[in-house]
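Student: Hints are included, so try docking the two chains, each in its own frame, into the full complex.
The listed protein sequences derive, respectively, from chains A and B. The numbering used here numbers the first residue of the first sequence as 4 and each following residue consecutively. The numbering used here numbers the first residue of the second sequence as 47 and each following residue consecutively.
Worth flagging that the hints you see were computed from the coordinates, not collected in a lab. Accuracy of the hints is not assured; some may be wrong.
[Unchecked claim] Take a look, some chain A residues computed to stay more than 12 angstroms from chain B by CB distance:
#1 R5
#2 K38
#3 V87
[Said to hold, decoys possible] Here are the simulated DSS-like pairs of lysine-lysine, each with C-alpha atoms no more than 30 angstroms apart in a straight line:
#4 B:K61 - A:K15
#5 B:K104 - A:K38
#6 B:K145 - A:K15
Ideal placement from N, C-alpha and C gives every residue a C-beta, glycine not left out.
Single-letter residue listing:
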Amino acid sequence: MRPVTKKWLFLKISSFILIPLMFWFVINFVSLYDKNYQEIVKFLATQPSKFLVSLFLIFAYFFSTLSISEVFEDYIHDEKIKNVANKGLNIFAILIPLIAIIVIFNLSL
Amino acid sequence: MENNNPLSPHIQIYKWHISSLVSIVTRITGIINIIVITLICFWFASLLLGESSYEIIKLFFQSFLGKFITIGITWSFSFQALSEIRHLIMDLGYGFELKTTNVTGMMVIIFSFIFTILIYLLGRQFI
Numbered sequence: 004m005r006p007v008t009k010k011w012l013f014l015k016i017s018s019f020i021l022i023p024l025m026f027w028f029v030i031n032f033v034s035l036y037d038k039n040y041q042e043i044v045k046f047l048a049t050q051p052s053k054f055l056v057s058l059f060l061i062f063a064y065f066f067s068t069l070s071i072s073e074v075f076e077d078y079i080h081d082e083k084i085k086n087v088a089n090k091g092l093n094i095f096a097i098l099i100p101l102i103a104i105i106v107i108f109n110l111s112l
Numbered sequence: 047m048e049n050n051n052p053l054s055p056h057i058q059i060y061k062w063h064i065s066s067l068v069s070i071v072t073r074i075t076g077i078i079n080i081i082v083i084t085l086i087c088f089w090f091a092s093l094l095l096g097e098s099s100y101e102i103i104k105l106f107f108q109s110f111l112g113k114f115i116t117i118g119i120t121w122s123f124s125f126q127a128l129s130e131i132r133h134l135i136m137d138l139g140y141g142f143e144l145k146t147t148n149v150t151g152m153m154v155i156i157f158s159f160i161f162t163i164l165i166y167l168l169g170r171q172f173i
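Only chain B is shown next, with the shape it has when bound in the complex (with noise of 0.2 angstroms):
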């Protein structure tokens, strides 16, 4: 059977809000935590190897890039909590407005970036 249902119109064509920002932005950093979480998992996996084998995850970790991949990661996963909670608090019903959508758009990337500070200092045990 012919499925008729409408598919959403290409990126391209949208006037861009900041709700359709922080809309593509989540489902662009919902794609990325999945990716990074079964990487994690690949990661658990390499412990069965032993001490030895884990020297080479380590230093990569220990490295510039490791350390600048782990704060993204962080970024990411801030970024798409904070979007869910906006999403959750507008199935209850509320900030429906076009103002109040905007401000909490902003307000999903403001605070994922505070968040991603917040949580690199809280991890490594600077507050």
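Next comes chain A alone, as it looks inside the complex (with noise of 0.2 angstroms):
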């Protein structure tokens, strides 16, 4: 399989499964946004939300990256720029997602 077709798979596959993720997580902060803390560390350290927005976050940076990187290939002329920042967009899309991950199974009642 060739390398863009493989990106074009994943970008689908990831599209797929995060429509309902992003409706999920939407309707789930619309009610918690300007509650207090302990009922918005309650949703976090409780499954299943605990289990699935670490599940939205992951394809949520997936996806993500793999559009930014669309973007660039169609505006970003220069080879060196585009390079560097595709890195530096699959440090962020790791790093960020990761550290949330970590933030949310630390949290207790």
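Tutor: Pasting the structure below:
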């Protein structure tokens, strides 16, 4: 399989998984955003939200990295700048959700 | 090696169609969403600082600006999810006729607002 085909396939699979997670997350975000500390910690520290939020973050960053790299492909002309931008994006997309998931798994009531 | 792949033309020389509008807005909301999700990650991290530090964030979310941003985030997520559903349907080989692309593009725009209202009402337990 060609790398571009593989990339397209990953983009479509992650999009398919992300859509229901996105709706689930935004409904819960709307219900929680102005709640007090205890209620938010309770939501994040219990299952299934702990697992689903982590899954949402992994797929959201994975999907966004693939999508944004497409934008770089379309609009960045210089190959060196494009490579640096893609590497920076990959590091960012691994580090941020990883830290957030560690935080979620360390929250306790 | 020199890359001779064609690059996208500049936005200003496009003749605007609903499809191009939906495509560009999908890209913009995609970038907005990942920035928002990153801020939400920082919001989660701030919980480790404890209850007293959290009061500032809570006050912000309870303000008019906080509510406005939350509704904006809901629209941005709704738009992208609906646009992705449209893309997945097109990937299956449906909806490529000009009239259909215009109708589905318009549906994405209209339903993004309807979904924003529904999600907000559902989240706030009004329905």
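Student: Against each hint, give a clear statement of whether it holds in the structure.
Tutor: The hints, checked one at a time:
For R5 (chain A), the non-interface assignment is confirmed: its Cβ lies about 15 angstroms from the closest Cβ of chain B, beyond the 12 angstroms cut-off. The beta carbon of K38 (chain A) sits about 8 angstroms from the closest Cβ of chain B, which is not more than 12 angstroms, so the claim that it is off the interface is violated. With a least CB separation of 15 angstroms from chain B, V87 (chain A) remains clear of the 12 angstroms interface cut-off, as annotated. Proposed proximity of K61 (chain B) and K15 (chain A) is supported: the alpha carbons are some 28 angstroms apart, at most 30 angstroms.
Between K104 (chain B) and K38 (chain A) the CA atoms are separated by roughly 7 angstroms; this keeps the pair inside 30 angstroms, and the hint holds. Proximity of K145 (chain B) to K15 (chain A) is assessed by CA-CA distance (about 24 angstroms); at most 30 angstroms being required, the pair is judged to hold.
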